[in-house]
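Can you make the complete structure from the sequences, with help from the hints?
Under the numbering used here, the first residue of the sequence shown is numbered 1, with each subsequent residue one higher.
Simulated from the structure, these hints should not be mistaken for laboratory data. Treat the hints with care, since some could be wrong.
[As the list claims (entries may be wrong)] Restraint-style ranges between C-beta atoms, simulated for each label pair: (1) G102 to A2: 56 to 62 Å; (2) A375 to T307: 28 to 34 Å; (3) T276 to G316: 19 to 25 Å; (4) A200 to P177: 17 to 23 Å; (5) A312 to T187: 32 to 38 Å; (6) T415 to I381: 18 to 24 Å.
Ideal Cβ positions, reconstructed from N, Cα and C, are used throughout, including at glycine.
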Amino acid sequence: MAPPVVSSVSPNQGSTLGGTTVTVTGSGFTGVTNVRFGAKPATSYTVDSSTQITAVTPSGLGTVNVTVSTNQGTSSQAALFTYVTTPSLSGLSPNQGPVAGGTTVTLTGANLSGVTAVQFGGVAAASFTVNSGTQITAVAPAHAAGAAAVTVTAPGGTSNALTFTYIATPSVTGVSPNQGPVAGGTTVTLTGANFSGATAVRFGGVAAASFTVNSGTQVTAVAPAHAAGAVAVTVTTPGGTSSAADPNAFFFYAAQPLLTVLAPPSGPTAGGTAVTLTGSDLLAATAVQFGGVAAASFTVDSGTQITAVAPAHAAGAVAVTVTTPGGTSNPVDYVYLNAPVLVSLVPALGPTDTFTIVTLTGSDLATATAVHFGALSASFIVASPTQITAVVPTGPPGPVPVTVTTPAGTSNGLTYTRFAAPSI
Numbered sequence: 001m002a003p004p005v006v007s008s009v010s011p012n013q014g015s016t017l018g019g020t021t022v023t024v025t026g027s028g029f030t031g032v033t034n035v036r037f038g039a040k041p042a043t044s045y046t047v048d049s050s051t052q053i054t055a056v057t058p059s060g061l062g063t064v065n066v067t068v069s070t071n072q073g074t075s076s077q078a079a080l081f082t083y084v085t086t087p088s089l090s091g092l093s094p095n096q097g098p099v100a101g102g103t104t105v106t107l108t109g110a111n112l113s114g115v116t117a118v119q120f121g122g123v124a125a126a127s128f129t130v131n132s133g134t135q136i137t138a139v140a141p142a143h144a145a146g147a148a149a150v151t152v153t154a155p156g157g158t159s160n161a162l163t164f165t166y167i168a169t170p171s172v173t174g175v176s177p178n179q180g181p182v183a184g185g186t187t188v189t190l191t192g193a194n195f196s197g198a199t200a201v202r203f204g205g206v207a208a209a210s211f212t213v214n215s216g217t218q219v220t221a222v223a224p225a226h227a228a229g230a231v232a233v234t235v236t237t238p239g240g241t242s243s244a245a246d247p248n249a250f251f252f253y254a255a256q257p258l259l260t261v262l263a264p265p266s267g268p269t270a271g272g273t274a275v276t277l278t279g280s281d282l283l284a285a286t287a288v289q290f291g292g293v294a295a296a297s298f299t300v301d302s303g304t305q306i307t308a309v310a311p312a313h314a315a316g317a318v319a320v321t322v323t324t325p326g327g328t329s330n331p332v333d334y335v336y337l338n339a340p341v342l343v344s345l346v347p348a349l350g351p352t353d354t355f356t357i358v359t360l361t362g363s364d365l366a367t368a369t370a371v372h373f374g375a376l377s378a379s380f381i382v383a384s385p386t387q388i389t390a391v392v393p394t395g396p397p398g399p400v401p402v403t404v405t406t407p408a409g410t411s412n413g414l415t416y417t418r419f420a421a422p423s424i
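Right under this line is the structure:
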């Protein structure tokens, strides 16, 4: 019988450390006594048939002949096996990314030529490119959150493992306060999950003026300026960007309120006047002030109207303002008036059937709205804050109280007496 013949070895390369399982094909493999890789015998071998042997390589270096020996002799035809150095990894950049995968990672190391697989936690990379013997670019696959061992496999074996950390996507579950002025500047607390390592916070796509990561569940951010309306608040980390559709992740930018009219524009120093404030962007008002003093009460009737009860205040003009999440409005003057006082009435008597002109003297008469002789209204002219000229209305004989009414109230009464004209 003829000596054995080795026609091929598959694979034809493996680690210098040995341990590669190799299929040797050929003929005459009956009664095999030895399989050698160069001068070294195989660590183990199994004769599968007269044409095939499965052998485990010993350690070695370079390219060696693979030979098979039987009782008929040793194969002479050359079948080569090349020992390849095991690849090694020294760096990953970046070394973290989202659980959804998709991060492009640069792997650096040695002996990376011929790499056939890159794995992240046992999951094959979405794709990879061998750039050189010292660098590979790989796209991380999707993986559960946590640390994953990254390895590369080449004919020389599988490398050491480096850690790539998969980070869960952040989520925003609360924004407080959830509204503020279009000018920005509101300090907002965001609550949620997976905020550690946040690299950006955005309000409607605009970067926060500043932000601080307080914990994995809380971020404090300063809202930037933005046009009026509701916007999504998002947080970005190495794990990705939170969903803009999170139902509790909205911030409402409110326009600054504007006041145009107060009615009435004045009232008594004692307060209590119901004042209608007209303007725009008045919804969600949180305060109404009269000269820095909070209104006794107020009701937001609509986005253009508020009804407020004036508080007590010293006499004089004061600024009325409205505060909403959009800021504080322009001021509109409201005048606090002292109640009118009468001190004299000249003349103090006259006939019942003629229109007597009477001069009323006192104080705080400038805003008079009515002069009464008893129950009857008189026509009048305000001459000055201390004097009014009135025409006595006709009426029955006898005394009647004379009063002056202003937005601050009704004065004390002075007596005017009508007398009947003499008859002939």
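Structure-based check of all given hints:
no.	hint	result
1	G102 to A2: 56 to 62 Å	holds, 59 Å
2	A375 to T307: 28 to 34 Å	holds, 31 Å
3	T276 to G316: 19 to 25 Å	holds, 21 Å
4	A200 to P177: 17 to 23 Å	holds, 21 Å
5	A312 to T187: 32 to 38 Å	holds, 35 Å
6	T415 to I381: 18 to 24 Å	holds, 22 Å
Checked against the numbered hints above, the structure violates none of them.
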